[in-house]
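Undergrad: Residue-level listing of the chains:
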Amino acid sequence: MSAAKETLAAEEEAPGAQNARDAQGGTPPPLASHSPTARPRIELQDAVEFIWLEADLLDRQDYSEWLALWTATGHYVIPIDRDSEDYAAQLNIVFDDHAMRAARVQRLKSGLSMCASPSARTVRTASRFRRLGDAHGTTVIRCAQHLVEYKYDRTRILAADVTYHLTRAHGAGGALALENKIVRLVNSDDALFGIGYLL
Amino acid sequence: MYEDRVLDDRVHTSLYVDPSIFDAEMDTIFHNTWVWVAHASEIPLPGNFKMSHVGLEPVIVTRSADGSVHVLLNRCRHRAGSVCEEPRGKTSVFVCRYHGWSYDLTGKLRGVPHAVGYAADFNKQDYPLVSLRVEEYAGLIFATFRQDLQPLDEYLGRAKPWIDLFMKQGAGFGLQVAGAHKFRFRGNWKIQLENTTDAYHFPIVHRSFLTSLDEETEDLFDVLGQGGWVEDLGNGHSVMVMIPDLIDLETNLDAAIPERFQALADELTKDHPPEAVRRIVRAVGGTGFNINLFPNIACSMAFFRVLRPVAVDETEITHMALTMNGGPEAANRARLRLHEHFQGPMGFGTPDDAEGWERVQRGAAAGENLWILLNRGKDNDVSAETGMRSAYRMWKKMMAQNPATVTP
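Chains A and B, in that order, are what the protein sequence lines are.
All residue numbers for the first sequence refer to numbering that gives the first Met the number 0, where the first residue is 0 and numbers rise by one.
All residue numbers for the second sequence refer to numbering that gives the first Met the number 0, where the first residue is 0 and numbers rise by one.
Hint data in this document are derived by calculation from the structure and do not stem from the laboratory.
Among the hints, erroneous ones may be present.
[Stated by the list, open to error] Partial chain B-side listing against chain A, Cβ under 7 Å, derived:
| # | residue |
| --- | --- |
| 1 | GLY178 |
| 2 | PHE182 |
| 3 | ARG206 |
| 4 | SER211 |
| 5 | LYS269 |
| 6 | ASP312 |
| 7 | ALA320 |
| 8 | GLY343 |
| 9 | MET345 |
| 10 | PHE347 |
| 11 | PRO350 |
| 12 | ALA353 |
| 13 | GLU354 |
| 14 | GLY355 |
[What the hints assert, rightly or not] Label-pair ranges, simulated between beta-carbon atoms:
| # | chain 1 | residue 1 | chain 2 | residue 2 | range |
| --- | --- | --- | --- | --- | --- |
| 15 | B | ALA399 | A | ARG120 | 43 to 49 Å |
| 16 | A | ILE156 | B | GLY325 | 38 to 44 Å |
| 17 | B | THR105 | A | GLY110 | 33 to 39 Å |
| 18 | A | ARG120 | B | PRO45 | 47 to 53 Å |
[Said to hold, decoys possible] Partial list, derived from the structure: chain B residues whose beta carbon lies under 10 Å from chain A:
| # | residue |
| --- | --- |
| 19 | THR90 |
| 20 | HIS180 |
| 21 | HIS205 |
| 22 | GLU315 |
| 23 | ILE316 |
| 24 | ASN331 |
| 25 | ARG332 |
| 26 | ARG336 |
| 27 | HIS340 |
| 28 | PRO344 |
| 29 | GLU357 |
| 30 | ARG361 |
| 31 | ALA365 |
Glycine included, every Cβ here is placed at the ideal spot set by N, Cα and C.
Here chain B stands alone, though its shape is the one from the complex:
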């Protein structure tokens, strides 16, 4: 359905405003692809869990005793009560507080109070928490309702080498999620999906961020002027390279230390050999590219951007800060401060993005027969709308398929 709403170089306004298209997307896309739910560092130990979503559906991501990861619908099989209302934590059991049904970390139904009230053929094995299929790449945990979907590895495909490059900012320590900013805007989820590979807006929308930087850093964030590009990675994924020098953080380690990190380098020198200092400092500001993974997660320079559709005109965004797992405190604090500078409800960048996206939704109330233009960038330069065209090509392909009704 709706294939005629997406052309090669434009998409129809109804994709932002039509509630029936939103409903179809939740079924046809979010029930039929790999959806990102967690990073492995959020549930490091057996018993750890976090609440998340697959499309509109609340789930719990758990790590069970054997270390395996489970994604479970947060809904008691008896009369639908939620079994978890803590955003994250550690437990061995999820209990529905309504009638006391209890489930283990794999979703298995363990206990039913006053079980004598059930008929003899009542079998607890018939009522586990609904469990989704789970796969993981480089710490990124995805879930899907579809048992017959291609493996995650195949789905990520050409995005994988870029994910590997992104993870190099762990500087040998590995990355961990170290807090998150969460905010909502009144606009369709695809407005944010587009934005992750939109370098064109950066010098306009973020001018007040750019003027808050020192001269050297302001030059670094001249994203249109460094010969960057956008690449379609297939399956709706894309990468936008803004700072080519920061693609591979394990090369060019002899480069001069930027002025803004000199104090950090001096501090690290007290406890670390010069090679380690250079590696950490080169990684501390993150990469120079954004990877957009269809439909809901981006590895964006130095953080994870997670989008969650709430309604046709409401979207929740989470910006997860990343630090080096077990890395030097000074470097990790520097990463937190950099994240706070741009991201979050009162960052120097995010509120302007949110305002821009809301204005798109407000503007889309006019001209119901008009189209959204995505025809920019004939040579795939960094300001090309190539990544958006890639995402919408996948959208069209998925929406053209008959929505596979999945009954777990």
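For reference, chain A alone in the conformation it holds in the complex:
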């Protein structure tokens, strides 16, 4: 845990370098390759493939595989207020740390929850990907997500802007991992409905 924190802190020391790399269209500056702590840049295409993988896992409800995509420190957030970023200080639809994520998955898969047994079927697409830059040792990607759910005789749509903070799970060269995922529903502060699956 402390080693991971040190790594993040070391990387934060060179934000200028990160920005410079963005400005140069992805050419890694010498500083990054000489730094023992810096991680290789996460390219947009790698991020997109990761996000599509995640979407597929969620639609198939392979929730234990989904849990394994996360870092232990990451937060899964669905805020009510689309404009605020101080999630801990406000009421959210979802504000899950590692333990709550695991409990949520256990609940949905338990067979004891009426809304999730069966849950609605879902089909989601993610598109309009943008690489927003690097911060705190993560690469920030924003995309659009359209989700269609079907249960009983009803089909409904949930649309959202989704922000991903991606990192490498086990240092340089490791698999991509989710540090944070923030799902901003277009109608987050209006009346929603019981949702028995993951967004």
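For this one, chain A is given, so just place chain B on it according to the hints.
TA: Okay, now just chain B, sitting in the frame of chain A:
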């Protein structure tokens, strides 16, 4: 009308499914009683407003310059345009964007563009926003279309001491609304009204919530096993006590701090004396009872539950989180996390409730001559359907009266 649809121990299925009964309810009940519209903390300062509803009718709740609260129909007196489309905010004026008529916070018509086009006898005083009668108890703001209705104080009656007990979870700071979850379900509003005093469903519907808790907290939420009860408080109101130990949060302050709040207690100890820490920690999880106030608001353990009928088979529910006004940040965050755990569209409890209520509406499509049974609980134990019988007794009493047509 419809009195024969409610018996002492059962109500007829048509109460869930008949659109003409729904229309009659909106006139006869929601136009003729005290309807909850806001909590005082939502409009703390002069100029603050929020949008709300009385039955099907959109209203604006405002606090004017002198601090008084006004409830105004959100409809321009000219050609009916809405004058407010912001859920909440601060202003000195509401303007109809269609032709520019403007109103102050009390509803008075202030400005009419191009007024020369009106005849000489046109008088702005004749066209204020329609204003409802407003009264407040313990921060709960109610409105009614009826000028001749009994005072709110009298209407709440025996519910008042329970409301006072509920507010003790402010731990001396007072309570404030700190965000809300809002969701709709396809079902009649009375299905939710019943649910607030339904302990019987809790261990069944919420088993997946219970298994997500630590052992001590799971025991706390063994709502059927602690000797609780349900009490008819008159006028359709009732209280369901699930955790008798958490009725009065200002007593039993020497009790051991629950394990789930130990970290919070340790943090509070840095800035607060031991007595204050105990008082805050005892209050932080909320009370052990639900108060159901007919027809649309409940003070439910740690939050406000507001119901809004939309159609005979559609209802909107708001679960308002409450925190201590000016209280310690750590305690207030703990309250937000507890609220998120159970409530909301993706909480560990609410989606299962919503699914259960929708299944009631779907089931009620069958057997149009069948009845809904409310005969459970001969000794008023906590799983008794006493609160539901109380609400339906009030429903029957109100529906039996001739709908008083109110022309504001």
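Undergrad: Are there hints from earlier that the structure breaks, and if so, what are their numbers?
TA: 5, 6, 17, 19 and 31
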